[in-house]
Amino acid sequence: SQTIHQWPATLVQPVGSPLSLECTVEGTSNPNLYWYRQAAGRGLQLLFYSVGIGQISSEVPQNLSASRPQDRQFILSSKKLLLSDSGFYLCAWSLPSGRIVNEQYFGPGTRLTVT
Amino acid sequence: AQSVAQPEDQVNVAEGNPLTVKCTYSVSGNPYLFWYVQYPNRGLQFLLKYITGDNLVKGSYGFEAEFNKSQTSFHLKKPSALVSDSALYFCAVRGDSGAGSYQLTFGKGTKLSVIP
Numbered sequence: 012s013q014t015i016h017q018w019p020a021t022l023v024q025p026v027g028s029p030l031s032l033e034c035t036v037e038g039t040s041n042p043n044l045y046w047y048r049q050a051a052g053r054g055l056q057l058l059f060y061s062v063g064i065g066q067i068s069s070e071v072p073q074n075l076s077a078s079r080p081q082d083r084q085f086i087l088s089s090k091k092l093l094l095s096d097s098g099f100y101l102c103a104w105s106l107p108s109g110r111i112v113n114e115q116y117f118g119p120g121t122r123l124t125v126t
Numbered sequence: 022a023q024s025v026a027q028p029e030d031q032v033n034v035a036e037g038n039p040l041t042v043k044c045t046y047s048v049s050g051n052p053y054l055f056w057y058v059q060y061p062n063r064g065l066q067f068l069l070k071y072i073t074g075d076n077l078v079k080g081s082y083g084f085e086a087e088f089n090k091s092q093t094s095f096h097l098k099k100p101s102a103l104v105s106d107s108a109l110y111f112c113a114v115r116g117d118s119g120a121g122s123y124q125l126t127f128g129k130g131t132k133l134s135v136i137p
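Chains as they are written, first to last, in the numbering used here: chain B, 12 to 126; chain G, 22 to 137.
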């Protein structure tokens, strides 16, 4: 069966510090990968998605970036955090898009607090 | 552009009573619809999806949803609510045409509270 991991679970970082959040998926190959941010425990905002190694699409321009160095690894980064970057970050995966519409499966999330 | 509306921020229901969480959508082309549930400080869990076929979709934990094309709705239902159903529920949609239609668009969520 497939599993998705995210770490760290919680993170407190000062403004201006760098960020690296990691997501890995097990039990599947060539998944689509997604990074979302959830603010105030409500709506989800899609930040980045990837359909393959090195292929990243950004949905929202901001000071965050994403990378996919390996097939099942997705990393969210920032060089300098802002207060507004605080939130709950969720990684998700789905089977590759094609003729079948596939649901996304979410990781446990990382709670980021920027102070 | 595709969008999802969950008109109720919160729904309260007594344990044992039927529950409904409402969702309406707007997409280009045919809709693909999803429901997710989120417990506090956890990721989202997939409940069910509508792609095509029977308008009544059955999912996990006794939940079901009814697709209504004329009303562009996909309401989540359960015949008898449990206290453990208390959580945040998200409706999501993607279309089969138009720019960005292959990405899921989520509603803002509805908090369901089941009262013992």
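Honestly, the hints are just simulated from the structure, not real lab data.
Glycine included, each C-beta is placed from N, C-alpha and C at the ideal position.
Be a bit skeptical, because a hint or two may be false.
[Unchecked claim] Here's a subset of chain B near chain G, in silico, CB distances under 10 Å, partners left out:
(1) G54
(2) L101
(3) V112
[Said to hold, decoys possible] If the Cβ cut is set under 10 Å, some of the chain G residues that face chain B in the computed set are:
(4) Q59
(5) L65
(6) K79
(7) Y82
(8) F111
Consistency of the hints with the structure:
no.: 1; hint: G54; result: holds, 4 Å
no.: 2; hint: L101; result: holds, 6 Å
no.: 3; hint: V112; result: holds, 5 Å
no.: 4; hint: Q59; result: holds, 8 Å
no.: 5; hint: L65; result: holds, 4 Å
no.: 6; hint: K79; result: violated, 15 Å
no.: 7; hint: Y82; result: violated, 15 Å
no.: 8; hint: F111; result: holds, 7 Å
The structure is inconsistent with the numbered hints 6, 7, although it conforms to all the rest.
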